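Start from chain G and add chains F and Z according to the hints.
Chains as they are written, first to last, in our numbering: chain G, 51 to 206; chain F, 51 to 206; chain Z, 51 to 206.
Be a bit skeptical, because a hint or two may be false.
It does not matter which identical chain is meant; a pair holds if it fits inside one copy or across any two.
27 Å max Cα-Cα, derived BS3-like pairs, lysine-lysine [claimed, not checked]: (1) K80 - K204; (2) K201 - K80; (3) K109 - K201; (4) K115 - K80; (5) K80 - K114.
Don't read these hints as lab results, they were simulated from the structure.
Remember, it's a predicted structure, so these values are computed and weren't measured experimentally.
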Amino acid sequence: RSGEMAKSTQLIDNEVFRAYATYAAIVLLKMMLMSLVTAYFRITRKAFVNPEDVASFGKGESAKKFLRTDADVERVRRIHLNDLENIVPFVGIGLLYALSGPDLSTALLHFRIFAGARIVHTLAYLIPLPQPGRGLSWAVGYAVTISMAYKVLKTA
Amino acid sequence: RSGEMAKSTQLIDNEVFRAYATYAAIVLLKMMLMSLVTAYFRITRKAFVNPEDVASFGKGESAKKFLRTDADVERVRRIHLNDLENIVPFVGIGLLYALSGPDLSTALLHFRIFAGARIVHTLAYLIPLPQPGRGLSWAVGYAVTISMAYKVLKTA
Amino acid sequence: RSGEMAKSTQLIDNEVFRAYATYAAIVLLKMMLMSLVTAYFRITRKAFVNPEDVASFGKGESAKKFLRTDADVERVRRIHLNDLENIVPFVGIGLLYALSGPDLSTALLHFRIFAGARIVHTLAYLIPLPQPGRGLSWAVGYAVTISMAYKVLKTA
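Only chain G is shown next, with the shape it has when bound in the complex (with noise of 0.2 Å):
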C-alpha cells in the first residue's frame, strides 16, 4: 500500500502541480457555481425550460405560463458558457504547462492571473459593469492561456 502511495502522491508532491491544483479547483468550483446560480434565478424569476419542472406550479395554462425565458437567467447562462470556452482550455493546457517545468513563481503568476481574470469576468458580467470591463477581465484569462500554450509547445 505504501508503494502505492508513494506512486499516487508523486505528482502532487510536486510543488508546481500542486500549485495547478489549487488553482484548477478554484476554478472549475466557480464554473460549477453558476449552475446554483441559474437555478436561484429560475426560481426566483419563476422562469423554466422544461414542462416537468413546472408541474408543481399546477395544471395546464397556469402552469404553462412559467416556461418562459428571462433576461437574468439567458444572462447566467452565458456566464456559464464562456466559463466552459475558458476555463475548459485552462484547465488542459494548465495540466500540460504545469508538466512542463516552469518556475514556481511564473506558474502561480500564470494561475493567480487567470483565477482572479475569471472572477472579475463573473462578477462583471453579473453586475453589470460597464465595457470594457468585462472584455478586458476576458481579454486577460484568454493571453494568460495562450502563455501557457506557448510554453507547452516550445517545451513540447
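For chains F and Z alone, coordinates are given in the frame of chain G:
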C-alpha cells in the same frame, strides 16, 4: 523502449488512477452519446439548423420548412450541455483527486456514484421522469464532485 | 530544485505524452480561436446580446437595434459548442490513452487524424461546404476518440 513503457504506464499501474481512467472514460463516452441521440432526433423529426443540412430535401421553400426547432431535439441538446457543465468538472477535479492519494474504496465510491447519477440524470431528462427525479440525480453528481474538490484542496 | 524539475518533466520526457501535449494544445487553441471569430462577426455584423455591449453606440432605440441575432454569429457559436462537445472528450480520453502505453506511431496517427479532422470540420462549417463534408469530418474525429477510449478501457 521498455524504459519508456515503464514511465508511461506508471500512473496507469496505480489502482486509484486505473479506476479514475475507467469511470472518466465511461462518463465522457456517455456525454459523446448525446451527439448521436441529437442526430437521431434531428433526422427522425426532420428538424435542422444549417441550410446546407437540408439541401438534399430539395430546393427553396420545400427544404426551408425543415429549418426549425423541435422540442425533443432541444431537450437532448439541454442534456448534452448539462453533461458538459457537470462532467467536465468531474473529469478535471477527479484527475486531481485520483492523484491526491485517496483510499481505493473511497475513490471507487465517488466515481461509481457520480457515473450512476449521471446515467440516471440522462434517463430522467430523456423520458422525462417527474421532478425531483432529474433534480436529485443532478444534485448527487454535483455533491460527489464537491467532495472530491474538498479533498484536492485539503491535500494541495 | 533539480529533483523537483526531474519529477515535473518525467511525463513530458515520454514521447507519447509529448505528442499528446502538442496535439491537445493545438486543438484547444483552435477551439479558443472561435472566441475571436465570434467577436469579429459580432463587431462587423453589429449583432450583440448584452445591453452594456452596445452602450457606446448611443442611447435608447439607436443602440437597441444592435441587440439582435445574426446568422453568421450563430453559425460560429455552433462551431464553438461543437468543439466543446468533441474536443473536451478528446483531451480527457487522449490523456488517459497517452498514459495507457500505446505505440508512438499509433498514438501519433490518432492525434494527427483527430486534429486534422477538427480543422476540416471548422472550415466545412464556416465556408460552408456542402454536406456530407462537415458530417464526415465530425465522424472521423468522433471515431478516433472512440478508438482511444476502447484502448483505455481495455488497459484499465
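Status of the hints after comparison with the structure:
no.	hint	verdict
1	K80 - K204	between (30 Å within a copy, 17 Å between copies)
2	K201 - K80	both (26 Å within a copy, 16 Å between copies)
3	K109 - K201	neither (58 Å within a copy, 44 Å between copies)
4	K115 - K80	neither (32 Å within a copy, 33 Å between copies)
5	K80 - K114	neither (32 Å within a copy, 31 Å between copies)
Figure legend: structure checked against the earlier numbered hints; hints not met, in rising order: 3, 4, 5.
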